[in-house]
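Participant: Single-letter residue listing:
Number of protein chains: 2
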Amino acid sequence: MQADIWFTEPHSRGFRTQLRIERVVHNEKSEFQDITIVETTDFGRALLLDGIVQVTEKDHFVYNEMISHIPCATHPNPEKVLIIGGGDGGAAAEILKYEKVKQIDMVEIDERVVAVSEEFLPSIAAKVRDPRINLIFKDGMQHVKEKENEYDIIIVDSSDPVGPAARLFERPFYEDTKRALKKDGILVCQSESPFFYEDILAKVSTTLQDMFSVTRTYLGTVPTYPAGVWSFTLASDAHDPLDVDESSLVDLDTRYYSPEIFKSVFSLPKFVRELVNQKR
Amino acid sequence: MQADIWFTEPHSRGFRTQLRIERVVHNEKSEFQDITIVETTDFGRALLLDGIVQVTEKDHFVYNEMISHIPCATHPNPEKVLIIGGGDGGAAAEILKYEKVKQIDMVEIDERVVAVSEEFLPSIAAKVRDPRINLIFKDGMQHVKEKENEYDIIIVDSSDPVGPAARLFERPFYEDTKRALKKDGILVCQSESPFFYEDILAKVSTTLQDMFSVTRTYLGTVPTYPAGVWSFTLASDAHDPLDVDESSLVDLDTRYYSPEIFKSVFSLPKFVRELVNQKR
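Protein chains in written order, with numbering that gives the first Met the number 0: chain A, 0 to 279; chain B, 0 to 279.
Keep in mind the hints are simulated off the structure, nothing from the lab.
Pairwise CB distance ranges, derived in the manner of DEER restraints: (1) A:Trp5 <-> B:Val161: 17 to 23 Å; (2) B:Asn276 <-> A:Leu251: 17 to 23 Å; (3) B:Asp198 <-> A:Leu251: 23 to 29 Å; (4) A:Lys28 <-> B:Gly162: 44 to 50 Å; (5) B:Asp244 <-> A:Asp33: 54 to 60 Å.
Dumping the calculated EDC-like pairs for lysine to aspartate or glutamate here, alpha-carbon to alpha-carbon at most 16 Å: (6) A:Lys262 <-> B:Glu259; (7) B:Lys57 <-> A:Glu197; (8) A:Lys202 <-> A:Glu273; (9) A:Lys269 <-> B:Glu259; (10) A:Lys101 <-> A:Glu149; (11) A:Lys144 <-> A:Glu174; (12) A:Lys269 <-> B:Asp250; (13) B:Lys269 <-> A:Asp252; (14) B:Lys202 <-> B:Glu273; (15) B:Lys126 <-> B:Asp252; (16) B:Lys262 <-> A:Glu259; (17) B:Lys28 <-> B:Asp109; (18) A:Lys182 <-> A:Glu147; (19) B:Lys262 <-> B:Asp239; (20) A:Lys269 <-> A:Glu197; (21) A:Lys269 <-> B:Asp252; (22) B:Lys57 <-> B:Glu38; (23) B:Lys269 <-> A:Asp250; (24) A:Lys182 <-> A:Glu78; (25) A:Lys79 <-> A:Asp129; (26) A:Lys137 <-> A:Glu110; (27) A:Lys101 <-> A:Asp129; (28) B:Lys269 <-> B:Glu197; (29) A:Lys202 <-> A:Glu174; (30) B:Lys278 <-> A:Glu259; (31) B:Lys181 <-> B:Glu149; (32) A:Lys96 <-> A:Asp250; (33) B:Lys101 <-> B:Glu78; (34) B:Lys137 <-> B:Asp109; (35) B:Lys177 <-> B:Glu149; (36) B:Lys269 <-> A:Glu259; (37) A:Lys278 <-> A:Asp239; (38) A:Lys181 <-> A:Asp236; (39) A:Lys57 <-> B:Glu197; (40) A:Lys278 <-> B:Glu259.
In this text, all values refer to a predicted model and were calculated from it rather than measured experimentally. Note that the Cβ used here is the ideal one computed from N, Cα and C, for glycine as well.
Extracted from the complex, chain A is given alone in its bound form (with noise of 0.2 Å):
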């Protein structure tokens, strides 16, 4: 009989998810934090950063179509995208799917997760040397402070804002990235779960409300992650979501997003509407 083998993952001081474990694909040390690789019994191969689950096989979709499309879709002419993290290559394999997207340039810290992500997770990241990408090992928040007027939507593909990554959801690093932005401009980040960060999703909202004219949160539900359903908020000077016309939307090859789902992810549930503070 098998070992029954179960990865722990607190997302609260009092709830937890637990995933079922094959076997232990990979393990390493970066320069920067534990990379692991977990076989799951349900979710296929799990990406771990220090113990805490990035993307898995079966659900990477919600989360990387949300991030993407959502921006891409918004912008009436995206020819230079920013990714600051993303090191699976998920959301860049996601606008790549965009034409008129001359130049993603993907700024991952740790140049093992984009390695391990290659190796072990080739069904994410098997896009990741595409003409299109340029790869930048280094930390966004540098790159995005010494860039100017520069990218047509910027996309904070951060982690928990815990450790370095804290400075992420940040006004300081908020500003650089609009300098970073050409006037119309787009920033999306994700902005945690309205269930268990509210007090972050609240504060990312009010800070770019103060800096840009056009703040709108938006849901997605990814089950590895805590309480099943994710928020996203995109920002800008120039383009508001909820004024899209229709007929530019487009059904691409995708799993979770639709012009459908475009039109409707901005409608919020009343309590998180209170949250974020957003006049529709």
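Put chain B on the given structure of chain A with help from the hints.
Facilitator: What follows is chain B alone, placed relative to chain A:
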């Protein structure tokens, strides 16, 4: 230091959730099942039936609002409503918010679930003795067999399809509910997680599409349920929620549901749309 006690709920062969327990408030074996009330660290009190979380004080509002308000807002004149199950009283409390509703028959097989909820979950069960609620302690399957052309709305607030509740997901039961409904009545049932019980959701949708002219699946996000996202399926021969006039929707005292949510919940992620095979 307080003992670190966790309640574990298996959702599939490879996925579990764990809630930290402050104390076990109540436990009994009724004629039908084990009934336990625990005080959790994160979700307030929770009701467990045979070891499965039914409701928690913190997140019950999502499930109860979604199973109740969507049919009540779809039906132009809901006067008589049947709830099968729902012994915690949460769904009934939502339906009472509609003044048009004259009578709610709440058919719960286990009288002790109602009594325990009244005693230990007053914030959920407070309204269960309202004069408009007609409590019937009986097998819901038997009850619908005896009714004909009686209800405007039938809500099947069942537990998971294991043991006796399994028959609540099968065609003979749906045929009895259809007979118990008025000709223009609306049936709503919880149709499980689209991530963990795809086969159940697909089967419920197929069966109801075969029996009713309108079948619509919609989603809500309940953190303590597996994968966080839950499906409900509505069926009717007369009323299509997609045809409801926006001006008829009312903003009630709710925390999840709103007219905005009503208009968006039928927009399904592509993989769910394919699973339920319903045309918009």
